[in-house]
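Protein chains in written order, with the numbering used here: chain D, 232 to 595; chain W, 232 to 595.
I should point out that these hints are in silico values taken from the structure, not numbers from a laboratory.
Just so it is clear, CB atoms sit at the ideal spot from N, CA and C, and this is done for glycine as well.
Don't take every hint at face value.
Mimicking DSSO-like on lysine-lysine, the simulated pairs with C-alpha atoms at most 27 angstroms apart in a straight line are [unchecked claim]:
no., chain 1, residue 1, chain 2, residue 2
1, D, K288, W, K299
2, D, K288, W, K288
3, D, K521, W, K288
Calculated Cβ distances over 10 angstroms to all of chain W for the following chain D residues [claimed, not checked]:
no., residue
4, K398
5, A496
6, N505
What follows is a list of derived Cβ distance ranges for each label pair [to be verified]:
no., chain 1, residue 1, chain 2, residue 2, range
7, W, R531, D, A487, 50 to 56 angstroms
8, D, S301, W, V524, 27 to 33 angstroms
9, D, K395, W, K555, 51 to 57 angstroms
10, W, S590, D, D366, 26 to 32 angstroms
11, D, K535, W, K460, 38 to 44 angstroms
2 protein chains.
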Amino acid sequence: MQRRKFITRAAIGSAAAGTLAAPALAQGQHPEIRWRLASSYPKTLDTIYGAVDLAVKRVAELTDGRFKISLHAAGELVPPLQVLDAVMDGTVEAGHSASYFYIGRDPAFGFGTAMPFGLNTRGQNAWLYEGGGNDLLNEFYAGFGLYHLPIGNTGAQMAGWYRKEIKTVEDLKGLKFRIGGLGGMVLSKLGVVPQQLAAGDLYPSLEKGVIDAAEFVGPYDDEKLGLHKVAKFYYYPGWWEGSATLPLFINQKAWASLPPMYQAAVKAAAAEANQWSTAKYDIGNPAALKRLVSGGAQLRAFPKAVMDASFTAAGQLYTELAEKSPAFKKIHAHWAKFRDEQLLWQQFCEQPFDTYMASTRRRS
Amino acid sequence: MQRRKFITRAAIGSAAAGTLAAPALAQGQHPEIRWRLASSYPKTLDTIYGAVDLAVKRVAELTDGRFKISLHAAGELVPPLQVLDAVMDGTVEAGHSASYFYIGRDPAFGFGTAMPFGLNTRGQNAWLYEGGGNDLLNEFYAGFGLYHLPIGNTGAQMAGWYRKEIKTVEDLKGLKFRIGGLGGMVLSKLGVVPQQLAAGDLYPSLEKGVIDAAEFVGPYDDEKLGLHKVAKFYYYPGWWEGSATLPLFINQKAWASLPPMYQAAVKAAAAEANQWSTAKYDIGNPAALKRLVSGGAQLRAFPKAVMDASFTAAGQLYTELAEKSPAFKKIHAHWAKFRDEQLLWQQFCEQPFDTYMASTRRRS
């Protein structure tokens, strides 16, 4: 232990200061580094949050405990929606959030998590890891002093809980629906009145009729909120989140200061966590769905006319956003072309298999 | 460099001998270890093989070059179908293969790669990583002195190239079809005569009519063989490989001898490679499919009656195999229950989203 240089970091301070002070070490000597990672999510979301917990533990294992990242749940260090700022200004070295929380800065922040009528989980991973998507995102994020790696994906989400059925496009008019981001912007074109509420407020607001509907994630997470007791119609599919990537944002200077071995540890651990999170949701969701239905939830598919009107409205929104944001325009062009390729491929391979398999279940 | 103990390994010899000789090292000191990894696949399959190449490079990065795994393509060290034996007897520390190559030893070897009418990629990953599937497989593999990690998945495969159309179940009778493993066993119940041929022999055999049909992987890999020039009907879905996991088999004693940090490196790198390989296929397949269709390939879906007859035959086969192999019976029971849960979940979430998105492509 004597041979090693210890690099201790001030408990509070900029990410750059500590890391720039790192002395050159002989090959095979690995500095002790401490990072803080602020999440926008609470521990109760044990898949979204759990993926990051798994990743930071893996990074510690991969570096024999020399690179330690302390993970902090929503609000412990910074408010949930200020995670991006905290990483940008170096209050913390890394943050875990949803990119679409920050579309107010630029609508291009949508692509890093989910876009209405976007890519499914397979497509999103292909785009990010091998299709050039993450390079494009990092080019955009570099303007904010950030480096990005995916660190979770929820899979396709449900469309939430409704007090009344949605039978026609007309039924959307005036609907007070707790939904944020780009999905809310699409639906507002069809007369929905998007509401912003914290997760803990959804139950009382639905119970009292302050809102008419609320979307959250999927059965495994939704069950914890108990919404099926106050809004029994459970709609699908959540077309605004056909998959949702959770990003790991890293302060660029902090990232650049890491030894290559530690960068590799973060990359591998984040990728492993990304895959694991979808697996965990796929285990938890079917069991939770059965319990919800036993508890009174009624499953409903959006009518085709509602899907079509929403799809058209999403296209209009994308045209408008591309006119406003050069970054959105550039990423959207790449992403839309990619989406078409994926839809082509899926219809000849994954979908015929999945569709047939679904038919065998109904038969048995 | 002086401070470290070097553990050199004999170029040829048992995995156990070298690793058991490893002296205890002080904390923070990491031994130099060299492993050899024999693949059943050639370098030309740059996704299946490339995933392992990526993983061994990542392991080197994660250990600052102290744990080096040399990767050897099919035939370099051992014949492709003897990879399992080479790992079992310690000729090499690790092997990359398809588990279903070894169903002659026990049909339970099917589950580690692909089962007819089995899990799709999402389901297979969920089963392996979080559903207890890989624990069950490792319990089975332990009887062969092996430890297993998934290190690739092809996604749903195509059903191959046919000189004549398959319009009825009758058309399968006498069909000389290059297909192996459990898929071949299912089809033989419907009159197909399964053929075993190396990839390089497929083109001349189809051209001369020695065989009537041949399946390989998907557009990206199939294109390299040029089969569309000699058998123009390209069928889907490849129900015998709704996804196919490529396993990394590790000699148990070699695995047990690794420091925890190196075990973590292999686990993280293999998981990252597993996710990456599907992404790479999803990038390569759509482009290759378009080229194949431009080159004369005619896409055909299996008729429902053919799918139904195959599904029934698969069920019969599973009943027979469970009677013969206790390991098959145990794993199949767990796997079949899991499959039902996944099909339940998919029909309310992924499928409605994917189906709608496919309809938007046809519309535009």
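Going down the list of hints, with the structure as the test:
The suggested pairing of K288/D with K299/W holds, with an alpha-carbon distance near 23 angstroms, which does not exceed 27 angstroms. Between K288/D and K288/W, the direct Cα distance comes to roughly 22 angstroms. Compliance with the 27 angstroms bound is thereby established for this hinted pair. Restraint check for K521/D and K288/W: the C-alpha separation of about 43 angstroms exceeds 27 angstroms, so the hint is violated. No Cβ of chain W comes within 10 angstroms of the Cβ of K398/D; the nearest lies about 17 angstroms off, and the non-interface call holds.
With a least beta-carbon separation of about 6 angstroms from chain W, A496/D fails to lie farther than 10 angstroms from that chain, contradicting its non-interface assignment. The claim that N505/D is not at the interface with chain W is violated, since a C-beta of that chain comes within 10 angstroms of its own (minimum 7 angstroms). For R531/W paired with A487/D, a C-beta distance near 53 angstroms keeps the hint of 50 to 56 angstroms intact. At about 53 angstroms, the beta-carbon gap between S301/D and V524/W misses the expected band of 27 to 33 angstroms.
Between K395/D and K555/W the beta carbons are some 56 angstroms apart, a value that agrees with the proposed interval 51 to 57 angstroms. Evaluation of the 26 to 32 angstroms hint for S590/W and D366/D yields a pass: the beta carbon distance comes to about 31 angstroms. The hinted window of 38 to 44 angstroms between K535/D and K460/W holds, with their beta carbons roughly 42 angstroms apart.
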